[in-house]
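Take the sequence shown: its letters are residues 1 to 117, numbered as in my numbering.
Treat each hint with caution, since some may be false.
Stated by the list, open to error - What follows is a set of in silico ranges between Cβ atoms, one per label pair, in the way DEER data are often shown:
#1 108 - 81: 30 to 40 angstroms
#2 2 - 76: 24 to 34 angstroms
#3 92 - 8: 31 to 41 angstroms
#4 65 - 41: 23 to 33 angstroms
#5 43 - 74: 25 to 35 angstroms
#6 47 - 72: 28 to 38 angstroms
Just so you know, the hints here were simulated from the structure itself, not pulled from any lab data. From the three backbone atoms N, C-alpha and C, an ideal C-beta is built for every residue, glycine too.
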Amino acid sequence: MPALNGLLWLISYWLIGEVVIHFSGLPISSGVVGMLLLCTTLAVIGRVPASLAAAAQPLIALLAMLIMPGVVGVFFILNELAGQWLAIVAALLLGTLLSVFTTLWLLTRLMGRSHAD
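Take these sequences, add in the hints, and give me the full structure.
This is the structure:
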């Protein structure tokens, strides 16, 4: 049952992201908005609930499979991306660096709190 509770956490934040995108009209994925809100919530709480960890762990193992359809889809629109390689490379580099630094920051913050206890 803990995994079901954690899955409800994930689905709830995804739906909150859907609502935010619907009413704001931002050109961002609702999943990204939901995960940013979830990350903010976890940073405020200072820990990851066991139920959320139980639901997320199997999904992390399947992450490559979840990303694969989007990666394969890029091959079908290569002609449309032909003149935009500099912007794509810049976005990939910046996105990767921000993702790594954010992950490291969150990890050190959460690990620091758990070692202090």
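Hints versus structure:
1. 108 - 81: 30 to 40 angstroms: holds (36 angstroms)
2. 2 - 76: 24 to 34 angstroms: Because 40 angstroms falls outside the window, the suggested range is violated.
3. 92 - 8: 31 to 41 angstroms: For residue 8 against residue 92, whose Cβ atoms are near 33 angstroms apart, the range 31 to 41 angstroms holds.
4. 65 - 41: 23 to 33 angstroms: holds (26 angstroms)
5. 43 - 74: 25 to 35 angstroms: Since residue 43 and residue 74 have Cβ atoms about 32 angstroms apart, the given range 25 to 35 angstroms holds.
6. 47 - 72: 28 to 38 angstroms: Holds, since residue 47 and residue 72 (Cβ atoms, about 37 angstroms apart) stay within the stated range.
Checked against the numbered hints listed earlier, the structure breaks hint 2 alone; every other hint is satisfied.
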